[in-house]
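So the protein lines, in turn, are chains A, B, C and D.
Note that my numbering gives residue 76 to position 76 of the first sequence, counting from 1, and the numbers run on in steps of one.
Note that my numbering gives residue 247 to position 247 of the second sequence, counting from 1, and the numbers run on in steps of one.
Note that my numbering gives residue 294 to position 294 of the third sequence, counting from 1, and the numbers run on in steps of one.
Note that my numbering gives residue 172 to position 172 of the fourth sequence, counting from 1, and the numbers run on in steps of one.
Careful: at least some of the hints might be erroneous.
[Said to hold, decoys possible] Under the rule of at most 25 angstroms between Cα atoms (straight-line distance), these lysine-lysine pairs were calculated in the BS3-like manner:
#	chain 1	residue 1	chain 2	residue 2
1	B	K258	D	K110
2	D	K394	A	K258
3	C	K181	B	K258
4	C	K141	A	K258
5	C	K181	A	K258
6	C	K181	C	K232
What the hints contain is simulated information worked out from the structure, not anything from laboratory work.
Here the structure is a predicted model, which is why all the values come from computation and not from measurement.
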Amino acid sequence: MNFDLSDEQRMLDDSLARLLADHADFETRRRLSSRAPGWSPELWAEFARLGLLALPFDEKQGGIGGGPVDTMLVMRQLGRALSAEPFLETCVLAPVLLSEDGGGVVTALRGDIMEGRAICTVAARQESADLVQAASTGGEWRLTGNASLVPWGGEADWLILPAETGKGLALFLIEGERAGVTRRGYPTQDGRRSAKITFKDAVAQRLAASDAGGLLDRARATALAAICAEAVGAMESCLEQTVEYLRTRQQFGTVIGKFQALQHQAADMVIALEQARSMAFFAAMNCEQADAALRERALSAAKVQINRSARSIGQAAIQLHGGIGMTMELAIGHYFKRLTMIELSFGDLDHHLDRLAAAGGLAA
Amino acid sequence: MNFDLSDEQRMLDDSLARLLADHADFETRRRLSSRAPGWSPELWAEFARLGLLALPFDEKQGGIGGGPVDTMLVMRQLGRALSAEPFLETCVLAPVLLSEDGGGVVTALRGDIMEGRAICTVAARQESADLVQAASTGGEWRLTGNASLVPWGGEADWLILPAETGKGLALFLIEGERAGVTRRGYPTQDGRRSAKITFKDAVAQRLAASDAGGLLDRARATALAAICAEAVGAMESCLEQTVEYLRTRQQFGTVIGKFQALQHQAADMVIALEQARSMAFFAAMNCEQADAALRERALSAAKVQINRSARSIGQAAIQLHGGIGMTMELAIGHYFKRLTMIELSFGDLDHHLDRLAAAGGLAA
Amino acid sequence: MDLSFTREEEAFRQNVRCFIQDNLPEATRRHMESFRSPTRDMIVAWSRILHARGWGAPRWPAEYGGPGWGPIQQYIFIEECQAAPAPDLLSFGVNMVGPVIYTFGSAEQKARYLPRISSMEDWWCQGFSEPGAGSDLASLKTRAVRNDDGWVIDGQKTWTTYGQYANMIFVLARTKPAAKKQEGISFFLIDMKTPGITLRPIQTIDGGCEVNEVFFDNVRIPGDALVGQEGKGWDYAKFLLGNERVGIARIGISKGRMRLIRDAASTCIRDGRPLIEHARFLDRFIGLEVELKALELTALRLLAAEASRGNSGTPDPASSVLKIKGAEIQQRTSELMLDIAGTAALPWPQGDEAIRALAPGPSWADAAPSLYFNLRKVSIYGGATEVQKNIIAKLILGL
Amino acid sequence: MDLSFTREEEAFRQNVRCFIQDNLPEATRRHMESFRSPTRDMIVAWSRILHARGWGAPRWPAEYGGPGWGPIQQYIFIEECQAAPAPDLLSFGVNMVGPVIYTFGSAEQKARYLPRISSMEDWWCQGFSEPGAGSDLASLKTRAVRNDDGWVIDGQKTWTTYGQYANMIFVLARTKPAAKKQEGISFFLIDMKTPGITLRPIQTIDGGCEVNEVFFDNVRIPGDALVGQEGKGWDYAKFLLGNERVGIARIGISKGRMRLIRDAASTCIRDGRPLIEHARFLDRFIGLEVELKALELTALRLLAAEASRGNSGTPDPASSVLKIKGAEIQQRTSELMLDIAGTAALPWPQGDEAIRALAPGPSWADAAPSLYFNLRKVSIYGGATEVQKNIIAKLILGL
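Isolated chain A (complex conformation) (with noise of 0.2 angstroms):
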């Protein structure tokens, strides 16, 4: 067991901070998420030329080859950047969904992916209100159904999805302005965008999986593992933001951060994130386990620390700060907003706390 960085990896890590700081500041950041895309094209491209979008996919497919450890580096990062740039749905989720697949359209698509030209999001909602129908007919699929709440689905170049065959749950690639396909979109709480998304008799391709759910299933939870990592980056950045306010705020003669009991409520702000940070790790070092079973209780025991510490710790922030802290103009309470959203995503506390209790617990 060791914790230190391979010098690849702290190169990465110091590259992308250099590059988030110099193209993702705060102004920058609100005035994007003020309309669609929503993201930066400009940093996506700096994404390119650094390799991150390369970063996951195989070296077979032209890809760099980073594991679990590699994307928790760039998801921290990005979270510390309060980035809204698709990288969660694009080089984490699709990668993993397009990996058995080797066709033409699908090379093509990651040669793309990695060289920034596309973007792709994938519809992983698990309601299945939100399950889609496909139907073969003359060599073709054809999708017929509703997904709603799909990430940049309003933005996005492709779409991955699931959908029923008939004969069982397959994966589908389709392009976001296929004809009978229709997207709305709309801004979600966290200054990003979402849609809703029908298909009417939408011409399709299905991916080649051996195993659709068990693939989607993996697919969800690297992308779990991921969005913890985001969590401990934004975590840390409100740490951090609520300590130089507490240094430099004035109140009563003094600066606060000198009264005893806002110091202790920032001490416990440092404990939280100390648990949300081991947990994060706990998600990369299990999120390719083999055994399903070990890996969705161990992720659920992550994503259960990560919820805690990010209500926790967005609540002390914006306390801490005051006034100042519940308003648009800080960056404060967007980091709260996004950290509220992130415990919404991939599974809500009740939700993996119902997986660890029909578990029998984490170490049943």
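Please build the complex by placing chains B, C and D on the supplied structure of chain A, with the hints as guidance.
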């Protein structure tokens, strides 16, 4: 609605407070608790002189006819003084259970209780393992079975308990020293005493009761409200002792009560106490409520709050005292222990949350 | 000691309830039931309905146009309104500046302002906080300099709720710059249309623009804008804030919200069962019900104590308990709602019904996170939780 | 970065586990499993078993008789011992005074004491706290005055755990009364049989007498009782306490206790079902499991960081996180046990098996409240939670 005491109540409250201040200081209390009976017969005699022991009995039966508010006042003072006198059993539970019986033995017992000559306890646990069997032969009722955790069971002159007659539950009265009764007393965690009692063909008197189960429930409700008030008294004292300690203990060159983090913990104790105080009132308001469902819901809500406040106040009191709070030499630890045992008495937190859940909530 | 409501009190409650049932506009009720803030028009319309009934200033003595109710009646009235749920009366008028005016104001100020407050002809807002004076209100910097026929105000206020709707503002300003912090502060009543006053809305994290910055640039006001004595403004402000602390616990609102939460959780199906039947949710719901019941009784105890000793003018420090716990409970109700909404809380339609229709979940789902974000303020404003704990430690415990 | 244990580390764990399984006396294991503190004899016997295997001082470097393990191995070893559950090695010897002696002591002190520590021939206890110097340890008053051939100690220590079993005590005493608080304190090694030392046991609220007051009345000790330099005692004490902070989180003990709690809750039937299947209990259990897993990884991260940068001698302030959270988790495990025991926790048999048999519930039921009461200490000793938060605020956050 008004929360003012009547003149009589104010007088009772004051006299009792003075009496306890004179007779029930902590050192006396500690000495008493080290051996049976565990309480002070002298103080009990003073209770009788004060009219305390006649308080809960009906005026028709020679008592004073006090209500739940009077009981609340008394129990709060007993809680403040950490009194171990068996008032709850003899003067809260027993009067209800005896209330429907006008026979000679019971009339005499009531008189003896009011004049301080008899201690009467009640085996009122709801656990089925404790159900005693009653058999009627030749006009006599004989009890067989075990009763565990009977408060002051080894010392009381009389014992009331429910038993199964074969035709339903009935209430029985029996002398402690009766043939066929084996009593094995032992100390409890809060410096009081309890007993396991074994009955073997022990002759007992059946108490008149139109509905023994209902009467028992009413007695338990009255006792639950009473113990809530005792808890409030104990919590008040915990807070006072803690504040006094914070005002006098010096560390880092100042009294520790100047540290804001400790001040805020003390403020949290105030909040928990006020909430508990309110729910002790709520329990008193509702313990004689005729609608059993409403009554039980209200009492469960009260006990939930009392338990939560008791736990947080007790723990905070020890924490704020530091090491010295961990010792038997200081009163505070004894209060903490008593509060912990009150949490477990007449239904713990789980029991009352379950009851509220089964009823669909407090307002359902 | 009588711990239940008297027959008269119960009859009073029934009377109030019936009036609200018959007179609260249905659209307003429905809007409030979907966990949204009332609009300006809803507040004005409802205030005028109450005023027509003589209930436009429920806490005021009869001589100033109030109904002359005691604290228990006032409490019942407010609880019934909040549970309806009806919009709150505008606190800045009836609960804040009104009592200051009738307690410390001149005869002329009383005659001019009080009727217009209870009839909601004037919309008042508050000019207390400043960018550098939040919890530490006494460090405020806005200046009022005397000139020939009045005062000239310069400075900046912030967190002025509903400033955009207001035609009047009450302001704390420093009239003696050299005096010690709390001294030399005076209390002014100012017409918002006076030249030199400008407003800048502040968008908060729930997406709303309830609050504003207010700038005073060489604002000339008449001499009779001053309330009471020059330099006594701090005392009047303390009186005002103390008055508000029982109401600020928002117990009636929390009770009404708990009822709506129960309804929502009864219709929201998770894993084949209504959410309200899930043990974890029910436990949290019940835990909150118990705390809220306890808080309600704590408030009643405080009111009863006030009723039997008479209002001393200075707030009972125990009201800090109400403020802290009331804030905590309000925040926890919004967390329950967020949990009911689940992922349906993600979209941010900002009032666009077409977008709302695209999202899964109940129609109020987007209101849940907004409320959750918005209610972070309740442990910050009106004396932050930390400040209230300082008050308890100092004034109740003597630490 | 490699976030799993290496094959070598897993093999090491297996090796340790087998040794414990084969060598831990069955009666000791059973005693520990009923949530009771080990007796003196159990501690001594088990320490000697480990010592015979060469593991009597698991954290020490090889040159002083330790096994020369790295931090991860040390962690695995301690975790396996605590999970067994085996008695802890006596911390005052191996983890506290031992490292002080081999880091700051003279060659002669090392030779004399270290072997007797790892073999448990000496039982060490701690003389740090005083009645007026708890959290504020630096205000201690015990004096050491130099005389011809040594020192004379006068004063009073308290909270001396297991003082009744000890033959040696390490003591902080003031050698320069005029110096500033932290200065002028020195560190001494003292034989408990020296005339003038008396002990008074302190009974704690769990009923135990683990701790003692120790009185020093004109106690004459030799010159070589001083460790390192005169006046540097405060630095040595900080080194000692910092060393202890990772271990003080008692993660292995909490893990072992969680296993026992799971077993207990699986056999305890409530309303016809094992308690572990009740949603509320299971939620609390799982919540604690998650926190404990997180804390374990936090500890490993700290150890790994230490392993890769080398022990600097000064404790990482992040170890305060471990101390706070470790204490909280220990306390919460005991609350879970209390809840399992329910009313069966009421009797207080104080070791009397006949009384224990009279009470309902499992045989460990009376140990539950004792443990609950006893573990209140863990957020007080070794730097109270409040002091640790001060450290975090100051040293990590720079506030």
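Of all the hints given earlier, name the ones this structure violates by number, lowest first.
1
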